[in-house]
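K.L.:
Generate the whole structure from the sequences, applying the supplied hints.
2 protein chains.
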Amino acid sequence: MGGYENGDSPASVAGEGGVILGVDGGTTNTVCVCLPAAMPPPESPAAVPVLARAVAGCSNRNSVGESAALETLKLVMTQALSIANTDRSAVRAVCLAVSGVNHPSDQQRMLDWIRDLFPENAKFYVENDAVAALASGTMGKLHGCVLIAGTGSIAYGVTEDGKVARAAGAGPVLGDWGSGYGIAAQALTAVIKAHDGRGQQTSLTGSILEKLELSSPDEIIGWTYADPSWARIAALVPVVVSSAEDGDEVANKILHDSVQELADTVMAVVRRLRLCGEDGKDKFPLVLVGGVLEGNKKWDISGEVIKCISKVFPGTDPIWPEVEPAIGAALLAWSHHRKGFKWENGS
Amino acid sequence: MGGYENGDSPASVAGEGGVILGVDGGTTNTVCVCLPAAMPPPESPAAVPVLARAVAGCSNRNSVGESAALETLKLVMTQALSIANTDRSAVRAVCLAVSGVNHPSDQQRMLDWIRDLFPENAKFYVENDAVAALASGTMGKLHGCVLIAGTGSIAYGVTEDGKVARAAGAGPVLGDWGSGYGIAAQALTAVIKAHDGRGQQTSLTGSILEKLELSSPDEIIGWTYADPSWARIAALVPVVVSSAEDGDEVANKILHDSVQELADTVMAVVRRLRLCGEDGKDKFPLVLVGGVLEGNKKWDISGEVIKCISKVFPGTDPIWPEVEPAIGAALLAWSHHRKGFKWENGS
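Listed in order, the protein sequences are those of chains A and B. Residue numbers for the first sequence follow the numbering used here, beginning at 172 and rising by one. Residue numbers for the second sequence follow the numbering used here, beginning at 172 and rising by one.
Check the hints yourself; a few may be wrong.
What the hints assert, rightly or not - Pulled a few chain A residues facing chain B out of the computed Cβ check, cut under 7 angstroms: (1) 233; (2) 273; (3) 341; (4) 345; (5) 346; (6) 356; (7) 360; (8) 363; (9) 367; (10) 368; (11) 369; (12) 395; (13) 435; (14) 443.
Keep in mind the hints are simulated off the structure, nothing from the lab. Computed from a predicted structure; not experimentally measured. Quick reminder that beta carbons are idealized off the backbone N, C-alpha and C, glycines included.
P.N.:
Listed below in structure tokens is the structure:
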């Protein structure tokens with residue numbers, strides 16, 4: 172969080188030229204960071220001078236509904252401004268990077284809403300949360316592909332000349348089977364199928380019942396539909412990974428299927444944008460973000476995904492970002508803001 | 172509706188010995204029929220003297236929540252009694268056969284609730300809706316297996332000595348992929364995958380967009396999550412069947428997968444209950460119920476399911492019921508009621 176010496180209070184920094192907000196709105200939680208609008212270009216994402224950081228719940232409108240999502244976004248921005256000892260009047264630019272924003276009409280509704288919250292001359296950018304995640308891995312440069320696999324999953328790519336493409340990110344009803352939700356729902360299904368005679372026995376039964384403090388697979392049905400939150404289902408992923416690491420066949424098949432889904436998702440974007448060049452061998456950044464892709468486990472999901480993609484596109488250059496997507500969002504807003512004031516060409 | 176001559180008004184019939192209610196509570200709608208408690212054993216399901224029939228919306232607690240489900244059940248019973256020119260005081264027995272009732276605790280909560288609505292000496296039976304569907308095909312005899320595939324799917328079996336088993340019926344999150352919801356969700360997923368480069372092109376894209384009056388596959392995401400009703404998704408099944416009949420490969424694969432899922436579901440129950448006898452060749456009734464299994468289409472889903480099951484269990488005896496499941500539920504309540512009064516041994 173370096174860049175400012177002890178004597179500078181956040182309030183005085185914010186006062187110099189206002190602030191920038193970057194919001195990463197996900198299905199599990201929503202993070203907002205506040206940067207000084209007048210900061211110089213940071214040498215690395217880790218050197219970005221963050222004035223404040225606030226966290227709230229789910230802001231995916233497809234999961235909790237539009238009004239709850241907007242309330243959460245408003246809350247998290249208000250909290251960040253308050254932590255930074257400033258208020259809405261100091262805001263110069265905001266980038267809302269929110270999961271579930273899939274169509275120009277979603278974007279427009281959110282722009283109309285956010286304009287009423289801040290000063291008239293502030294600038295606003297509404298993007299899918301994938302854009303912030305890509306920026307967090309590429310030092311703010313919009314080029315390459317990002318794969319996010321947390322509660323949901325999406326691949327999003329941008330070419331150097333600004334063409335974009337995405338795959339998946341359509342939620343659990345529409346086939347995001349590589350996501351945390353997808354992995355967990357398939358594990359719950361495997362328990363039900365083993366119980367009613369349709370599927371093979373699996374150690375997932377014991378480990379999931381223990382985790383959920385239930386006594387029989389029949390009770391899983393009531394548990395599943397008692398609360399429609401996707402994040403609650405996706406929280407079972409570590410149980411599936413453990414079972415797979417312990418050699419359970421069913422859990423291993425679920426993870427292998429999920430690896431293939433995630434790899435297919437990235438490859439669809441890479442192909443459509445020709446990120447791999449005409450000969451299919453150009454180097455391109457692949458930013459990997461989200462709980463499902465975090466490493467340090469024996470069963471290495473992101474390693475397997477990269478292995479699968481690299482067989483087809485040997486130029487795949489994997490990046491695990493050093494900073495969180497909310498900082499990527501803030502850097503995008505900051506860079507747009509600087510361009511708007513014509514201080515220099517975009518970084 | 173036969174059995175009573177014109178001169179007998181429903182009120183006078185009901186007055187003789189009270190009435191019986193049978194309720195078939197599904198995810199798409201809920202049907203209640205009212206029978207005279209003192210009727211003689213009917214010669215065939217079609218000869219059952221129905222005093223009244225009322226229809227309401229979804230009463231699956233997993234889909235609309237418990238309080239909305241109970242409100243719907245109360246409404247449909249009140250309407251049926253009103254149509255029969257009688258009231259709650261005339262009720263002698265009720266069978267609630269409701270989808271989403273999966274556990275003794277669900278059953279108990281519903282029994283506690285219904286007892287407060289009717290006279291103290293009335294009898295109440297709460298079952299999964301599959302039980303009523305089975306009874307509607309077997310003339311009230313609880314023996315064999317029923318496969319329901321409407322919005323949801325379930326197989327439920329009973330042996331002659333009263334053992335029961337079920338498979339599936341766990342809703343869309345937990346792998347009911349042979350259901351109407353499952354077929355339609357896979358078709359929507361196929362459209363998304365064809366659009367974003369993960370799947371092959373399909374005529375489902377044009378036909379689903381036309382049906383939903385949308386202009387692009389991206390808009391399907393917003394449409395899907397705008398309303399969580401499962402029945403709304405399942406209503407797309409006829410579009411999938413048409414595309415398959417017109418030779419679309421993707422639609423054909425979805426229907427073939429669904430046939431296999433439904434056949435596996437039935438076979439799991441038949442195996443667990445040994446409905447096919449020790450040698451696997453005994454005859455057993457297989458009652459087929461629900462929109463997905465209704466015939467008269469070129470692409471005959473129920474015919475394919477039976478073909479698939481008969482290869483393994485040649486004694487499969489398919490029955491398409493002549494009456495609706497609500498009458499099955501009423502016949503069960505009537506038969507229990509008669510037993511309770513010791514008029515004769517159960518039919």
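K.L.:
Decide, hint by hint, whether the structure agrees.
P.N.:
Verification of the supplied hints:
1. 233: Hint on residue 233 (chain A): holds, closest Cβ of chain B at ~4 angstroms, below 7 angstroms.
2. 273: At 5 angstroms from the nearest chain B Cβ, residue 273 (chain A) passes the 7 angstroms test, so the hint holds.
3. 341: 5 angstroms, holds
4. 345: Interface hint status for residue 345 (chain A): holds (5 angstroms vs cutoff 7 angstroms).
5. 346: Check passed: Cβ of residue 346 (chain A) comes within 3 angstroms of chain B, closer than 7 angstroms.
6. 356: Hint holds; residue 356 (chain A) Cβ to chain B Cβ min 5 angstroms, cut 7 angstroms.
7. 360: For residue 360 (chain A), the interface hint holds, since the closest Cβ of chain B sits about 3 angstroms away, which is under 7 angstroms.
8. 363: 5 angstroms, holds
9. 367: 4 angstroms, holds
10. 368: 4 angstroms, holds
11. 369: 5 angstroms, holds
12. 395: Status holds, d = 5 angstroms.
13. 435: 5 angstroms, holds
14. 443: With a closest approach of 5 angstroms, the residue 443 (chain A) hint holds.
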